[in-house]
Every structure is written in C-alpha cells, then in structure tokens.
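One letter stands for each residue in the lines below.
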Amino acid sequence: MRILKQLLRHKSGLIGSVITLLIVLPIALAPLIYSYDDVINMNLAQVLRPPSLEHPLGTDELGRDLMGRLLWGGRVSLVLSSVSVAIGLVAGVTIGVCAGYFDGPLSWLTMRCVDAMMTFPRMLVALFVITVMGQGEVSLAIAVGISTIPIFARLSRGSTLALRGIAYVEAAGAIGASHSRILLRHILPNILSPLLVQATLAFASAVILAAGLSFLGMGPAPPTPEWGAMTAEARSYLVTAPHIVLAPAVAVLLLVLGFNLLGDALRDIMDPRLTQERH
Amino acid sequence: MTAVVADPPVIAVRNLTLHFQTGSFLSAYRSPPVRAVEDVSLTLRRGETLSIVGESGCGKTTLGRMIMRLLRPTAGTVELNGRDITALKGKHLRALRQDIQMIFQDPFSSLNPRMTVGDTIAEPLVIKGVREPQLSARVSEMLGMVGLSEAHKARFPHALSGGQRQRVGIARALILEPEVVVCDEAVSALDVSVQAQILNLMQDLQQILGLTYLFISHDLAVVRHISDRVGVMYLGRLVEIADKEQLFSSPAHPYSRALMAAVPVSHPSLRRPVTPLEGNVPSPRNPPPGCAFHTRCPLARSMGNPAQCHTAVPALRDIGPAQQAACHFA
Numbered sequence: 001m002r003i004l005k006q007l008l009r010h011k012s013g014l015i016g017s018v019i020t021l022l023i024v025l026p027i028a029l030a031p032l033i034y035s036y037d038d039v040i041n042m043n044l045a046q047v048l049r050p051p052s053l054e055h056p057l058g059t060d061e062l063g064r065d066l067m068g069r070l071l072w073g074g075r076v077s078l079v080l081s082s083v084s085v086a087i088g089l090v091a092g093v094t095i096g097v098c099a100g101y102f103d104g105p106l107s108w109l110t111m112r113c114v115d116a117m118m119t120f121p122r123m124l125v126a127l128f129v130i131t132v133m134g135q136g137e138v139s140l141a142i143a144v145g146i147s148t149i150p151i152f153a154r155l156s157r158g159s160t161l162a163l164r165g166i167a168y169v170e171a172a173g174a175i176g177a178s179h180s181r182i183l184l185r186h187i188l189p190n191i192l193s194p195l196l197v198q199a200t201l202a203f204a205s206a207v208i209l210a211a212g213l214s215f216l217g218m219g220p221a222p223p224t225p226e227w228g229a230m231t232a233e234a235r236s237y238l239v240t241a242p243h244i245v246l247a248p249a250v251a252v253l254l255l256v257l258g259f260n261l262l263g264d265a266l267r268d269i270m271d272p273r274l275t276q277e278r279h
Numbered sequence: 001m002t003a004v005v006a007d008p009p010v011i012a013v014r015n016l017t018l019h020f021q022t023g024s025f026l027s028a029y030r031s032p033p034v035r036a037v038e039d040v041s042l043t044l045r046r047g048e049t050l051s052i053v054g055e056s057g058c059g060k061t062t063l064g065r066m067i068m069r070l071l072r073p074t075a076g077t078v079e080l081n082g083r084d085i086t087a088l089k090g091k092h093l094r095a096l097r098q099d100i101q102m103i104f105q106d107p108f109s110s111l112n113p114r115m116t117v118g119d120t121i122a123e124p125l126v127i128k129g130v131r132e133p134q135l136s137a138r139v140s141e142m143l144g145m146v147g148l149s150e151a152h153k154a155r156f157p158h159a160l161s162g163g164q165r166q167r168v169g170i171a172r173a174l175i176l177e178p179e180v181v182v183c184d185e186a187v188s189a190l191d192v193s194v195q196a197q198i199l200n201l202m203q204d205l206q207q208i209l210g211l212t213y214l215f216i217s218h219d220l221a222v223v224r225h226i227s228d229r230v231g232v233m234y235l236g237r238l239v240e241i242a243d244k245e246q247l248f249s250s251p252a253h254p255y256s257r258a259l260m261a262a263v264p265v266s267h268p269s270l271r272r273p274v275t276p277l278e279g280n281v282p283s284p285r286n287p288p289p290g291c292a293f294h295t296r297c298p299l300a301r302s303m304g305n306p307a308q309c310h311t312a313v314p315a316l317r318d319i320g321p322a323q324q325a326a327c328h329f330a
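Which chain is which? The protein sequence lines are A and B, in order.
Note that the first sequence covers residues 1 to 279 in UniProt numbering.
Note that the second sequence covers residues 1 to 330 in UniProt numbering.
Rather than coming from a laboratory, the hints here were simulated on the basis of the structure.
There could be a bad hint or two in this list.
Claimed, not checked - Not everything, but these chain B residues come out facing chain A in the computed CB check (under 7 Å): (1) 94; (2) 104; (3) 106; (4) 114.
Stated by the list, open to error - What follows is a set of in silico ranges between Cβ atoms, one per label pair, in the way DEER data are often shown: (5) A:222 - B:114: 40 to 50 Å; (6) A:223 - B:156: 47 to 57 Å; (7) B:150 - A:8: 32 to 42 Å.
What the hints assert, rightly or not - Reference listing, derived: stretches of chain A covered by chain B, where coverage requires no fewer than 3 residues with Cβ under 8 Å from a Cβ of chain B: (8) 163-170; (9) 183-195.
Glycine included, each C-beta is placed from N, C-alpha and C at the ideal position.
Turn these sequences into a full structure, and let the hints steer you where they fit.
Rendered as structure tokens:
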C-alpha cells in the first residue's frame, strides 16, 4: 500500500500506471465485448473496412474486427509475457540465489555459463530454443523465459552475496536454521524489491521479444490473434490500409512504454538510497 | 593450569588455528593465507565470564566464530563438555546450537528486517520443532526475561531502539537455554548508558540461567566490569590469560602492559606516564617470525633485541597462580 501511494505520487509512476491500466483493463474485459469466434472467423464480404461505429478500428484483410483481434491478441501477449517472465524469474532466481549462497567452484562455473548465455542476443537464444522445441505458444513462452534467466540470475546472485555477510543471515545459521530455511526465510524476502523492479522491466522486453518472434512466424499458428503475427500478416497492406499494421504495433509500444515507466518508478521508490527506511 | 580447577571445563580449546584463503578459488593458491587465529588454547569454566580482548583484526571474533562452529578451524580442536565438536556437520552441527549460542555485535544488522520480534525470538524453537501453545508461552516468558513487553512481539526491528533490538538478540540466543553464550562485541554498538543496562541484564541472566559467557570485546572498561578472567590476543595468538584483577593490576606480557596503560583513567591525578607502542600491527598474511610482537616490543628493545624473540615462538607459561603469558622474558 505504501508502495502504491508513492507510485501515484511519482511522475513517471503515475503516467506508467495510467497507460498500463488503459491497456490492460480493456484486454481483461475483451471476452465481455467480443466473442472469440468473432475474431477468428473470416468475413470476406467486409475486407479492409475503414473505422466505423460497428468496427471502431475497421476490419483486417480477412474481414475480422480489428479492435476485437487487438484485445484478444493482447490477452495472448500478456499471458505469454507473464508466463515467460515467471519462468525466467523462478529459474534465474533459483540459480542466482544458490550460486550466491553456496559460493564455490560449482557456482563459479554456473555463473560463467550464465555469462556465456548473456553474450548471445536474446532473440538468438529464443530462436534457438524454438528451433529445438518446435513452434507454438508454449515453446514461445519457454524460449522468451529462458532468454530472461541471465538477468535474474545475475541480479539475485549479487543481492545474495551482499546479504550473505550480514549478521542476521549468520545469526540464522547460529540458531540452527537449515540452508533452505536461511534461503527462503532470510535471504529471499530481503532481495525481493530489486527483483520486482527487474520483473516489471523484463515484462516489457518480453512483450517485445514475443511480438518480434511472432512477427517472424515463430509464435502461435495463424488464426490466433497475436500482436506480432498481426503486424506481420498485415504488412503487405501498409500503403493501402496503414491502420491495420499500425494498431498492433502501437499497442505493443504503449504496453511496453507503460511497463517501462512503471519499472523505472518502482526502482526509484525502492532504491534504499532515495527512500531510506529510518530505523 | 591453576590449582583451583575442580570442575571439568565446559569448553576446552586446543591449538585452534584458522588460515583464511582469500580471493576466488582460482587465485587462492597465489597469495599466502591470512593467519587469523594461530595455535590458541584455552578453557572456559562453567558459570564464568571469560573475556577476549585485543585490537581489531587480532582474531578474537574469528576465535569466537570457531568455538561457535560457524567457522571450521584449519587445525586444533574444540571440546564441549569433553565431546569433540570440531568436525561436526549438518544435523549434528545444528543440534549443537542447543548448547552454544551467540549474541551479535550490531543490533541493527543482526535482526531480519522482515520478521517481527516475536517471529525472530521464536525461530530457534520453531527450528527445534516446538509447536503452539508452548511456543507462544516460551516467547512471552523470554520477552519478559529480557525486559521487553508483550506489545513488542508484533513489531518489526526498525520500530525498536538499539537497546531494545539487542534485547531481542539476547532473547533469541537464550530461548534455547544454551550452556555457553559467545558475546561478540555485544554492547560495542550501543550508547554508553544503554551499554550499562544491557551488561546488567546479561549479568542477571547469567545468574538466573547459569550461563557461561565468552565475551569478546575491545572495550577494556566493559571487560573489567563483566569478566572473571581475561585473555589478550595479538595477531592471532593468545599472549596472556589471567584473572581479571591480576591482569588489570599487573599485566605480564609487554603487549598487555601497553594495552592496560592505554585505558583512560577517571581522574587526571591518576594519570600514568604512557609510552604508546610504535609502528603498526604486522599483516596476518605475513606475520613476523618468532614472537609475533617482537617488532614492536618495548621489552625486547630495552633488552637489546635478544635472538630468542625473533627465532622462537613463546609458549604460554605460568607467571603467577592465575596468570599465564606467552613471553620469553615476562
């Protein structure tokens, strides 16, 4: 609650929250407005219509309502990105916290592997995973998730290393706490705030990466609305009907912008140097 | 050993040594290890308070951590009631926590900021497997013992003062009813007025619970107040160990003498001529040969730097009935 209050007082936090809400809310409510069949089934009598009262954003090249596809596509994007951030967060934090806590040759080796992963562009890592696993929503989420692991691993290892020398972690060992208890009760809760900030930013980049991969045809199969895929399918009409290309692209842009502003604001708020918790 | 020893000691430390390899494991073999503690032997008698004093970096904290078995010694043994605890691991090591506990220096960093006072104090019992309703009852009892009220239970550490936090730290250490408590600079981070309160509390609890304290400190005034015996460390070695009165009135080792002379006195007329030690403490990575203190020793200098000082390591030997010092010429 304290964080929410500060967020709304923070300039980019306020703008970010508003943008994010404006996008996420309609997406969440999409099934109440459009049935899924409406955005899947072709209607060749109404191809490439300009915006009207019936179709607020007009129709696409196969006569489907663009607004409906945009909102349903947003659900795919949000779910894909959330799942992939969750995968990256859980795997990355597990690796990072363990590597930071059990500092030794094995953790050194693990972190060098993570470094090696970081040297590859994320798109390349994701493409590799999809090539191995095959196309589809699931492998797209896993691919984006895996490419997110290094950021979380590095961040959580650094935070854990810093905490390891702090007296209350040593004290936990002194009262007989097991390693898992120390990790879960004493370390994890205290490294959560930088991870939360990172998760917000990672979400924004996951949206871009997922859309980019879908654009390349690595995402969900055709009738499924997905912003990257929609942009790709419509790109031959860029001159005749630019709005059907621009709509999903702008949607991606706004969602990413909203989450980035939110993440930046969260970082400012949670930075202990800026808002010190007074003892 | 003194003649008055009747009981077997609670803790017996023999030739305890710890060499730290610093840096990552790749560079560990390139630099010499830090010799944090070198060949320390001492015993802790039931119910007494033994203080370990010395400058920062002399290894006193490391010694405490090894006795506590938070650190594993490179060589030497630690015995608790005659049982060798040097090599305990995993489950057995965790079971040892029942008997030896620790009070930490900094009351601000020794409490998890995301746990309430009640949870922090209860944790040792939770780990041990104690369940409600005994758990809450014990926590409440412990809160009362350290002078906190039931209202503090739900608070977070940042809502407490330094003295209150240290009381929480004491409660956490004592709730398992340990025999031995290692107090690592337990009052150094507190205001002087609060120091006195906490020291008195610790003394009262020692009486009630029959605790044995290993009190690690650099503050000689505090040490004089609380100790029965005092050990002096220099560069990882125990250079003198004696009854408190003996050490403060007639220190035997030249280093102890310099240390005692540095204690401020309460009145200008009591001021003694002080010749401060020259030079700095040598690096524990590369300690001087022979007696570690010979590079700065006023006694050695006045005797014309005898060869013995920089060739032979002096062993602790009896100086008086309750006093041992590690000096060839003391």
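*Of the numbered hints stated previously, which ones are contradicted by the structure, given in increasing order?*
none
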